[in-house]
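Kindly generate the complete structure, drawing on both the sequences and the hints.
Residues per chain, in single letters:
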Amino acid sequence: MHPLRDKPRVGLFTFAVTAVALLSGCEGSQSALQPAGPAAQDIALLWWWMLGTSAVIVFAVVGLWLYAQFRRPPPASSEQPAPEQAGMRHTAAVDRIIARRWLIGGGLILPTVTMVVLLAFGIPMGHRMLPLPLPEAPLRIEVTGHQWWWEVHYPEQGITTANQIHIPAGRPVDFHLASADVIHAFWVPQLGGKLDMIPGRTNVLRLQADAPGRFRGQCAEFCGLQHARMRFTVEALPEEAFAQWVAARQADEARPVRDAGAPSAQVFEAHCSQCHSVAGTPATGGPDLRHLHSRTLLGAGTLRHDGDGLQRWLREHQHLKPGNHMPAHDHLDDDTLSALVDWLRRQQ
Amino acid sequence: MSEQQTTRATRAAVWHNPTGWRALTVVSHSVIGKRFMLTGLVFFLVGGLLAMLIRAQLAFPDQAFMSSDIYNQVFTMHGTVMMFLFALPMLEGLAMYMIPKMIGARDLAFPRLGAFGYFCYLFGGLILMASIVLALAPASGWFMYTPLSSDVFSPGVNSDFWLLGVTFVEIAAVTAGIELLVSILRTRTAGMSLSKMPLFVWYILVTSVMVVFGFPPLILGSILLELERAGGLAFFDVARGGDPLLWQHLFWLFGHPEVYIIFLPAAGVISTLIPVFARRPIVGYRAVVLAVLTTGFISFGLWVHHMFTVGIPQLAQAFFSVASMLVAVPTAIQIFAWLATLWGGRPVFSLPMLWVFGFLVVFVFGGLTGVMLALVPFNWQVHDTHFVVAHMHYVLIGGMLFPLVAGIYYWLPLFTGRMPSMQLGRWGFWLCFIGFNLTFLVMHFTGLLGMPRRVYTYEAGLGWDIPNLISSVGGFVMCAGVAMVLIDLLTHARFGRKAKANPWHADTLEWSMAAPPPTWNFDLLPRVHDRHPSHDAQLQEETWLPDMHHGRRETLGCDPVSGEPRQVIHLPANSWWPFVCALALAALCVSLLVRAYPLAAFIALLSVGLLSAWSWHNGLRKPHARALPAPDPLPMHFTGFDSPGLWGTNAALLASGSLFMSMLFGWFYLWTVAPLWQFPETSPLAWPLLLTVCLLCSLAALLYRRTLVRLRTGDGAALPRTLWAVAGIGLVACAALIALLRAPLDITGQAHDAVILVMLLYLLMHAGVATLATLLQLRRVALGYVSAAAPFEVPIVRQLWRYTQLIAWILLLVLIAFPQSWGVY
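Sequences listed follow chains A and B, in order. To convert, note that position 53 of the first sequence is 53 in the numbering used here; the numbers rise steadily by one, no gaps. To convert, note that position 552 of the second sequence is 552 in the numbering used here; the numbers rise steadily by one, no gaps.
Be aware that a few hints might be false.
To be verified - Computed far set for chain B versus chain A, every beta-carbon distance over 10 Å: (1) Ile434; (2) Arg454; (3) Leu699.
Said to hold, decoys possible - Covered by chain A, per the in silico footprint, the following chain B stretches (three or more residues, Cβ under 8 Å): (4) 162 to 169; (5) 242 to 248; (6) 279 to 293; (7) 319 to 325; (8) 339 to 345.
Calculated from the structure, these hints are not laboratory results. None of these values were measured; they are calculated from a predicted model. Ideal placement from N, C-alpha and C gives every residue a C-beta, glycine not left out.
Laid out in structure tokens, this is it:
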């Protein structure tokens, strides 16, 4: 039984109908066929046109083939010559005419025309998706791929969080993509195409959500054991709500550690603080926990962060997401873990 | 009558294939071809089983049927097995079996090389299989992107299995490529000019050239990655001046041509079958040949379309986007040539045509999604999703498996002399066709719904559940279809009815012989007058090489263009050497795998010794200089200068040249693109020393040239003297190179130094091989095996020196002169 298995089942041929239902689903959709931004919209439109054209071409070619194979033989065939001689009736001149008609029509003109049309639409479309300079600089968000989670940094706002990205709706956002270990790919299908995160480089992907909503994303470049559970969400908020969210997170960033003297603080110090930071303590490797309370999912989309979610994660994370780089906490008893969870909750 | 029987007995004795343990010595192309195909079939079943495991895991959301570790091994090995152990070896096996029969030769030009390639393939495949059994299989995906496959993120031996095993298997691919290339150009029967070659032979010719050029980049990449993993050398690590994208370039520089290397032979099958069943010659023979050549050419210029999401400049993306779509033109030309042929003929329908029809439907659709994927914005959305998985199965299963089965059914009467069961065959087809489309048509939508590839599980409720279940059901339906076909193929040899001679009324040469054919293929090599030799009543009017009482295996050596006979090629007979040498290389591979480097060094030396011994024994060990008696007014190949061995050497040097060019690409790529690439203050290399090496190699090449000029006038007096001089020069050059290698290179710290090391080692290897070959030749001159009367080996060794000279000068330019003039040192 999976913690997230609570949404409607959707069949292949009903995906269009259930678009609305999925959009209203609380974790959002991951379908490129339910575009929610200009880039994804263009690509989806492109797809439907290409699908239609391809269907026509496939049916035409297969139809021609079947006709050629099974058509009734012309009357001359009543005294059909022996097969050995059949082919010899065709003179070179006839051959040339047939060749010209079929090979030039189908072999040259058809693909060339298709390609020119496709590129005439496709190249400008791709150009529009590039992070070209704008009169008003878009919001900059730096996302770093880790095995197997996403570090999210808002340099202008001074916020560092993980796995859940908030953006303002209705205006472009530039995602500056990098990697801390292997190659990952950042992909939010409802907003647009994907781009790789490569060690030593920074790639910039521009996305925009047309309206407020929640969109799922997932790592698209195979990155090891938990490639499947390297998920994230993008939440597009109305302008004021986004400003409020930024303000709340900035407050989180400025907040000192609470209950620094509690026994749980020592547990955290001993077991967690090397990788995880609360209140800006220096740590590398794991997600920053200052904004943990604001996140609705744990383990990069593995588990819902509600009720006893956090406790369950701490106890069973190697079972829920085997191979993740956080050591198992088998040696910590339930009481210690509960106290630790309470202490982490108090850090908001 | 009894004279005929003696003749036949003589032929059987000369071309005898021993049984028992000595079956390992067999070199006959028919046997080797069949071994390739049967081994390929076994690997296909393994790959298929792995595919079924994948479909079982993905049938339902959140399945825990396999852990992520095992799942990653399974999908990595599925791709690896299907691409490297099934698709290409299977097609090469088919080509090795068919080509001599279609061009009128008694065997391939280098029968022992074929046997050697087979054993390399077999042993490499077994090493990869061992990794599955040990649950240590590679788990970084079949294209092994680094840094995931590096020693940091894949510390186990898993990736080493891939890098070493696949490289070993690729030796087989390249040797088969060289062998087919030279055989097609040099061993056609009398009168078979290029324009009279069957289309299938054209396809294989282009494919083999592509293999020769296409595989070396991956061989280089694998060697570099293994050096980085095992020896800590810096090539792909950003922090040390490398770049992981270099691996992607090298991989796809191989990987994209590979797709066409697999598709073209299969398309060749289609181009062979359609005219036969349409009962008319192909429409647009020239256009098809041109299309095949164009496909081969373009396929080397579009590898970057696998990398549209890595963030390359827009102009480059547009270029590769256009190039990728451009390949649709030659493909469309072929498809419409087939259509026109059917249209203009009087088609009959039979089992092979059913599979051809399946090919057409599936491949056209796969081609169209390929055009879609070439469009950059769409690619950004569906790249690395199940859409791509669906697309590539459409082009690979549609473009390779369906034609392959069509071809197997078509040539079955030739293989075994019996007909397949039409009933079982039809069931098999429809199950495969329906199962395939259920699996993969739906999978396009799975990808569009947002499911990435290579995820070991997915959560419910994203709309992926039902499409995945349909795909899994379809996969098992296809499995049943494959089983049906296999049962048909396995049982027909016993229960099938006897085939008539040429049951499909085909026009190519292979149908003019007995089925199943004798090991020597043709009693008499015929003269071909047109493209329809088996419909040619005058085929047997002029025949060649009837006599085998001399006990030699022989075939005709032809002019590469006109096909006119130029010489008689003496073919080597059965031998242990191929098996022994492949076994030694397998031991080398295993010792590298377990990182027993002293042992590996020993085995490497042993292998060099064994390969030299093989080359020694392969040559003629008695001075031959006789002209053939009438009625064969042709010289033996070893009395001239233009031997098949020279062509084989040139083809091998082309492959090596492709490796060298990939190396140069790596150097310039890292120099210009790697984020943290650094030049040291001054070049670590002593340029006077490298210049000396260049001059010495040029001197050696010059001396060889002079002695060759003299040999051509029949003067072999200076031969020993010259060879002594060249061998001495070679030894000095090698010593100079070793001195050069003592430069203070920080190979584990800087990619710059690591690349220089690899390039110098490559030069040393070539200089060493050329020197060794010269020394061996010196000995053969002393024994009288090589002389003015039998000079054919001299131009071969000369080529080695010319090539060594060429790369030495290029390295001087590229490693020292060019950076100096650029001012980077």
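Each hint, compared with the structure:
no.	hint	in the structure
1	Ile434	holds (15 Å)
2	Arg454	violated (4 Å)
3	Leu699	holds (44 Å)
4	162 to 169	violated (count 0)
5	242 to 248	holds (count 3)
6	279 to 293	holds (count 7)
7	319 to 325	holds (count 3)
8	339 to 345	holds (count 6)
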